[in-house]
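**Student:** Chains as they are written, first to last, in our numbering: chain B, 3 to 472; chain F, 49 to 305.
Hints should not be assumed to be uniformly reliable.
In silico lysine to any residue, SDA-like type, Cα no more than 25 angstroms apart, as pairs [unchecked claim]: (1) F:115 - F:91; (2) B:432 - F:283; (3) B:411 - F:283; (4) B:16 - B:444; (5) B:404 - F:142.
Don't read these hints as lab results, they were simulated from the structure.
Below, each chain spelled out in residue letters.
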Amino acid sequence: MEPDSRAFERNALKALSDKELQDALENAVGRIEARRAAAVASFDGFEAARERASGLRRETLSRLGDHLARFIEEAEKRGAVVHVARDAAQARGIVARVAREEGVALAVRSKSTAAEEISLDDALREAGVEEVETDLGGYVARLAGEPPSHILSSAFHMTREAVSRVFEGKLGEPPAADAATLSAIARKRLEESFSRAGMGVSGANFLVAETGSVVLLSNDGNARAGALLPRVHLVVAGIEKVVPRMADLPVFLRLLSRSASGQPLPSYVSILTGPRRDGDAEGPQRLHVLLIDCGRSAILEGKYRDALKCIRCGACLSACPVYGCVGGRPYGWVYPGPIGAVLTPLLAGLSEAAALPDASTLCGACSDACPVKVPLSAFLLELRSDTRFQGLKAPAEIAWAKGYASVMKRAGVLEALERILGELSRLVSKGHPLSGMPYPFAGWTERRDFPSVARRPFRKLWKIRRGARE
Amino acid sequence: MDPKGPVSASLFFSCSADAFAPDVCFAATELLERFGVKVGAPLSQTCCGQPAFFTGNRKEARAVARKLLRSFPDDGYIVTPSGSCAAMVHDGFPVLFRDEPRTLAAARAFAERTYELSRFLVDVLGVTDPKSPFTGTVTYHESCRLPKGPKAGAADPPRTLLRSIPGVALVEMEEAGRCCGFGGVFSVRHPQISCAMTERKIERILATGAEYVATADMGCLLNIGGMISRYGYPVKALHLAQVLAGAPRVEEEEGPP
Numbered sequence: 003m004e005p006d007s008r009a010f011e012r013n014a015l016k017a018l019s020d021k022e023l024q025d026a027l028e029n030a031v032g033r034i035e036a037r038r039a040a041a042v043a044s045f046d047g048f049e050a051a052r053e054r055a056s057g058l059r060r061e062t063l064s065r066l067g068d069h070l071a072r073f074i075e076e077a078e079k080r081g082a083v084v085h086v087a088r089d090a091a092q093a094r095g096i097v098a099r100v101a102r103e104e105g106v107a108l109a110v111r112s113k114s115t116a117a118e119e120i121s122l123d124d125a126l127r128e129a130g131v132e133e134v135e136t137d138l139g140g141y142v143a144r145l146a147g148e149p150p151s152h153i154l155s156s157a158f159h160m161t162r163e164a165v166s167r168v169f170e171g172k173l174g175e176p177p178a179a180d181a182a183t184l185s186a187i188a189r190k191r192l193e194e195s196f197s198r199a200g201m202g203v204s205g206a207n208f209l210v211a212e213t214g215s216v217v218l219l220s221n222d223g224n225a226r227a228g229a230l231l232p233r234v235h236l237v238v239a240g241i242e243k244v245v246p247r248m249a250d251l252p253v254f255l256r257l258l259s260r261s262a263s264g265q266p267l268p269s270y271v272s273i274l275t276g277p278r279r280d281g282d283a284e285g286p287q288r289l290h291v292l293l294i295d296c297g298r299s300a301i302l303e304g305k306y307r308d309a310l311k312c313i314r315c316g317a318c319l320s321a322c323p324v325y326g327c328v329g330g331r332p333y334g335w336v337y338p339g340p341i342g343a344v345l346t347p348l349l350a351g352l353s354e355a356a357a358l359p360d361a362s363t364l365c366g367a368c369s370d371a372c373p374v375k376v377p378l379s380a381f382l383l384e385l386r387s388d389t390r391f392q393g394l395k396a397p398a399e400i401a402w403a404k405g406y407a408s409v410m411k412r413a414g415v416l417e418a419l420e421r422i423l424g425e426l427s428r429l430v431s432k433g434h435p436l437s438g439m440p441y442p443f444a445g446w447t448e449r450r451d452f453p454s455v456a457r458r459p460f461r462k463l464w465k466i467r468r469g470a471r472e
Numbered sequence: 049m050d051p052k053g054p055v056s057a058s059l060f061f062s063c064s065a066d067a068f069a070p071d072v073c074f075a076a077t078e079l080l081e082r083f084g085v086k087v088g089a090p091l092s093q094t095c096c097g098q099p100a101f102f103t104g105n106r107k108e109a110r111a112v113a114r115k116l117l118r119s120f121p122d123d124g125y126i127v128t129p130s131g132s133c134a135a136m137v138h139d140g141f142p143v144l145f146r147d148e149p150r151t152l153a154a155a156r157a158f159a160e161r162t163y164e165l166s167r168f169l170v171d172v173l174g175v176t177d178p179k180s181p182f183t184g185t186v187t188y189h190e191s192c193r194l195p196k197g198p199k200a201g202a203a204d205p206p207r208t209l210l211r212s213i214p215g216v217a218l219v220e221m222e223e224a225g226r227c228c229g230f231g232g233v234f235s236v237r238h239p240q241i242s243c244a245m246t247e248r249k250i251e252r253i254l255a256t257g258a259e260y261v262a263t264a265d266m267g268c269l270l271n272i273g274g275m276i277s278r279y280g281y282p283v284k285a286l287h288l289a290q291v292l293a294g295a296p297r298v299e300e301e302e303g304p305p
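Go ahead and model the full structure; you've got the sequences and the hints to work with.
**Tutor:** Written out as structure tokens, the structure is:
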């Protein structure tokens, strides 16, 4: 997927003026955040679990190479074919080759951010494979031609009315107002695909090193169907998804599910170890696991390593007040919200996504919500500093910062400036707060007043009242 | 804690309170003096460096932060009515000076002595009742940037203090801890998103029917107060210090300039 994050501001403004989107966001984000907060509050051991999960992730990342080697060895021992791709292009090449060699005509896909990262659909198209997204939200978003708006739920941002219009326009279905009818329409279309598909494509929530297993979580069951019914199962996963032992899983399952949707556990937990063996009732005949690096090794070596702790629960999105206002579209790539504002610059390039770290008030709600303690706020702040070093800041901003520092280095200069600004603002506002300010503050006062500088700032009043004792 | 002997504190007044709300600094002074603190106001202080730090202009932020470190006497407490300024000292300076061991050590020692006003009252002076004559219904907006660092003391000093004022009825708003949309430079760079967040905050404030909304940060106060002022909403934004001191309004002008 090509990043479109430079247009953050433009797309955010569009989102703010889209009444239907605003209703959907308030409804969906409000609901999911309330459920998340309640689930976390009712989980007594939340802090302890968070601490443990964070420690496990950090430990795993510090020896990621070893754990990956173990995963590959164990998975292959059990009959899986493991591929490793350095970048998206190589990953697409592998996908196309697998699809051709396995003779696949139709692939069913369940929502996978890793697959979106490598633009897997391009690879399948190139290999002449027809592809159907089976995640209900993903299916709708795909039909509507929109990028996913949430890690968990791609059509998070759409109202029932919007979904109905898409089905009418793209599928020729009659309009429907209720969620049950709409999901029945989608399910009927999808069922046909499951029975015809030669390959199921999924992501992975975790990879277990000691058994070579792939762990898939879902709430609508489509990921399980896609993994078990078709002849071939292709898993696409980032290299950071590995956990060392099966015994490590429970803490992550509990945290992920609560943080994602407020449920104590996901509806479906599938642990897939190798392809179908003799005597197995179901399962794919061939299992391919494609591990993608796509910039992760570089992150692992640098100061943002902890960003790889992320388990893609979406809690930071639900908790973020900015995401709550503008939704996922403006972030412009696979990962929206605070984790997107960190991962997009790291994976797709800071020059592509320099606007994202600025799109936060640094209120810290994301860091507080994260179940594995990714220091999101601190990373956003760090990335803002990186843009300076990489020459990505506007010259005007740097000039402003230099001017600011030269004023603040001497109290006398600040005092003089306060006097000048005070005189000016009183001239304009005649004792009232300012209802308009010049560029670049014009936007600030569009719906807010700004106070005039006091005729006598505190430092001046103090001298008058207390004498210059200090 | 019952401090032995007179406690002295330097007021770290925050550049925005200095310029836009001197009465907030006087309310803080009055409050501290009410509990026997000898208050000084080092006049060579300017700013803590937040605006540059939060935009990622660290070189400039360091220059301003160094100036702050130099502006205060070597002993005694440092108390500020602005939560985010205290957070800057506690959480920001260690990042800013991570490659300068000597300044880092000085900054850590400085942070040890630095308190946000309500935390100072509760944790250091052991105040449980601010003895405020303030009367009215008050709702409290939690600023996101009260220091979260290592200094864990009383869980929630602002609420502890507000609840003990006999004339104050504290009415909780929904989402009291949700950001009001200020975010410093964020509100300049993304004014529309910022205002959307502020509107949501104002809705929650108005839903309480409180006469006053109090907050412990100058940024939130400018932001929330600015929108209330523009639309004439029937609620007044006050700094927490003004409620605790009991002086909603201090005369602005006195004597010749």
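**Student:** For a quick check of understanding: which of the numbered hints are violated here, in increasing order?
**Tutor:** 3
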